[in-house]
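Colleague: Taken in sequence, the protein lines are chains A and B.
Just so we're aligned: the first sequence equals residues 1 to 318 in our numbering.
Just so we're aligned: the second sequence equals residues 1001 to 1318 in our numbering.
These are computed hints drawn from the structure, not numbers from a lab.
A few of these clues could be false.
Covered stretches of chain A, going by a simulated chain B footprint (3 or more residues, C-beta under 8 Å) [claimed, not checked]:
1) 107 to 119
2) 183 to 197
3) 303 to 312
Computed spacing ranges between beta-carbons, pair by pair [as the list claims (entries may be wrong)]:
4) A:Gly11 with B:Leu1091: 39 to 47 Å
5) A:Gly66 with B:Gly1223: 19 to 27 Å
6) B:Ala1288 with A:Ala266: 48 to 56 Å
7) A:Pro237 with B:Thr1217: 18 to 26 Å
Residues from chain B shown here face chain A by an in silico Cβ test under 10 Å; the list is partial [stated by the list, open to error]:
8) Thr1246
9) Leu1306
10) Arg1310
Backbone N, C-alpha and C define an ideal beta-carbon position, used for all residues, glycine too.
Number of protein chains: 2
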Amino acid sequence: MTVPETPASGGPEIALAIVGVGKIARDQHLPSIAADPRFRLAATVSRSGGAEGIENHPDLDALLRGRPDIAALSLCQPPQVRFEAARAAILAGRHVMLEKPPGQTVAEVQALAALAAAQGVTLFATWHSRHAAGVAPARDWLAAHPPRRVRITWREDVREWHPGQTWIWQAGGLGVFDPGVNALSILTAILPAPARLTSADLHVPENCETPIACDLTLAGSGGLEIEARFDFRWEGPPAWDIEVETDAGPLRLSKGGAELFIGGAAQAVAAPGEYPDLYRRFGALIDAGVSDVDLAPLVLVADAFLLGRRIPAAPFHE
Amino acid sequence: MTVPETPASGGPEIALAIVGVGKIARDQHLPSIAADPRFRLAATVSRSGGAEGIENHPDLDALLRGRPDIAALSLCQPPQVRFEAARAAILAGRHVMLEKPPGQTVAEVQALAALAAAQGVTLFATWHSRHAAGVAPARDWLAAHPPRRVRITWREDVREWHPGQTWIWQAGGLGVFDPGVNALSILTAILPAPARLTSADLHVPENCETPIACDLTLAGSGGLEIEARFDFRWEGPPAWDIEVETDAGPLRLSKGGAELFIGGAAQAVAAPGEYPDLYRRFGALIDAGVSDVDLAPLVLVADAFLLGRRIPAAPFHE
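With the rest of the complex left out, here is chain A (with noise of 0.2 Å):
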């Protein structure tokens, strides 16, 4: 990848729609985009309402057909149904960027990428965490001080975090993987050499399809063991910490990424925040006219998958 990590020096407005507009757009994707200079929000794509002031088309089609000068989608529906919507817009020749997890499956994801450099648009599927003030910073100390152990625990109230969002419990949703996978993205970007998956418990209520927290061990390069652990049964405040120990003492992520503690000691670090960062990011790739799509993330959900023994656990209601 040879996009800058430094700020795009600032190219000609582009026109940009989302589609998709719940929670994550409002609170996250609108208030990136206004604050972004190189984007201007010109249509969303939304059965359900839009943003206030803004052009809103009942489906994507309408608006690939409406608006040619739109050249870049932002995808932030569940991944259900994120597929054909990208391969539309990636056929109609539009820069895409895709929400966490990129999609359903790796293949989809793998196909999207090939079309991707085939009709010459940008593919960016983003992972929003590895955008957390601490995870670059992170990333530097421990090329110099290579991790001996790494513990994961990513806990929070499902209750809390993802009201109403059923989704998430069938087949293909990822239950307690849809925030772990924010770990994971951490994870590989923050380690010297990939890890593989070497076990993984899933504990699976009676009446849904997908955990509600696993245990996972690691193995990493150099003899690296990783151990994580989500739940999404906690009640109390939520923790998305990741500790690593190293020869020269440990370093500690916090609050999914944005505080970092090396030997104990807070660092001073800063950030633009984790979407105004993509969609820095998402400009910077479309002037250099290349793509971003790094699958390690759902490739170790789906070795999870794959590996896992599934350990029922009590029925789940909202």
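Starting from the known structure of chain A, fit chain B onto it as the hints suggest.
Modeller: Just chain B now, kept in the frame of chain A:
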């Protein structure tokens, strides 16, 4: 992949060792190596015996230390223990051929491929069914006659074809995908464009971790619809068939790809045999200094576990 499809012209003899002397090694690998002038079986690694008249080592490390002249290893153990062996062999500078499936997870095979590239050795992740006589002619014919619909039927009696292979039923053991991945390896070889999984019903016996049968639907390019049914519970003669509808009439691969019918007429196909052709190709890859690691079949299996609905089935007892 720039390796010639024609037989290698014959370079220097390569000393080779088999690791894991079980049913597949005895039935297929040993006779294929004996018939191949490029390879000489120099040793085996087996805890339970090895092959008559061939030097046997109780473990791989002993062989790697004691026989630096052995340039290539063919790994025939169950996938659960294959990663560490492949890693050790690659780090010792040996070329490695992997039985199918190439690993327990997608990420571990990606890690092996990266390691082989860094070490400058050949890694060959084999899919033996792709070397059945009808597969290459089917691929060539479908390149000119786009498939509209594909129906895969892969059914066999697990008691007859996998006696005592209890690891198949453990987490990571693939269940009916152990033979089913052969069908997927042919499918991904003959289709003109990649396919993606759209649904999977996994029938899992109450006392097993892995499915005994499954129903898959996949989508290909140009509206191609693919249905696959794998079933281990079949007690009659096995069926390993792929039927393809095209505008120019039907194509059918039978007997796991050994027989090809176009428009209902049997085609004259000839090939050296699956495993002899695997070793021919392994020699050609070593000569060319390249690897062949196509993960598409394993990715579709992982996607099936990721996306699949699990449906309880009657307990299985061998």
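Colleague: Against this structure, judge whether each hint is valid.
Modeller: Hints, verified against the model:
1. 107 to 119: Per the Cβ count (5), the hint holds.
2. 183 to 197: Since three or more residues must qualify, the claim that chain B covers the stretch 183 to 197 of chain A holds, with 4 doing so at under 8 Å.
3. 303 to 312: Contact hint for the stretch 303 to 312 of chain A vs chain B: holds, 7 residues under 8 Å.
4. A:Gly11 with B:Leu1091: 39 to 47 Å: About 46 Å separates the Cβ atoms of Gly11 (chain A) and Leu1091 (chain B), which means 39 to 47 Å holds.
5. A:Gly66 with B:Gly1223: 19 to 27 Å: 25 Å, holds
6. B:Ala1288 with A:Ala266: 48 to 56 Å: At 53 Å between Cβs, range holds.
7. A:Pro237 with B:Thr1217: 18 to 26 Å: With Cβ atoms ~43 Å apart, the hint is violated.
8. Thr1246: Result: violated, 21 Å to nearest chain A Cβ.
9. Leu1306: With Cβ-Cβ at 4 Å, under 10 Å, it holds.
10. Arg1310: 7 Å, holds
Checked against the numbered hints given earlier, the structure breaks hints 7 and 8 and satisfies all the rest.
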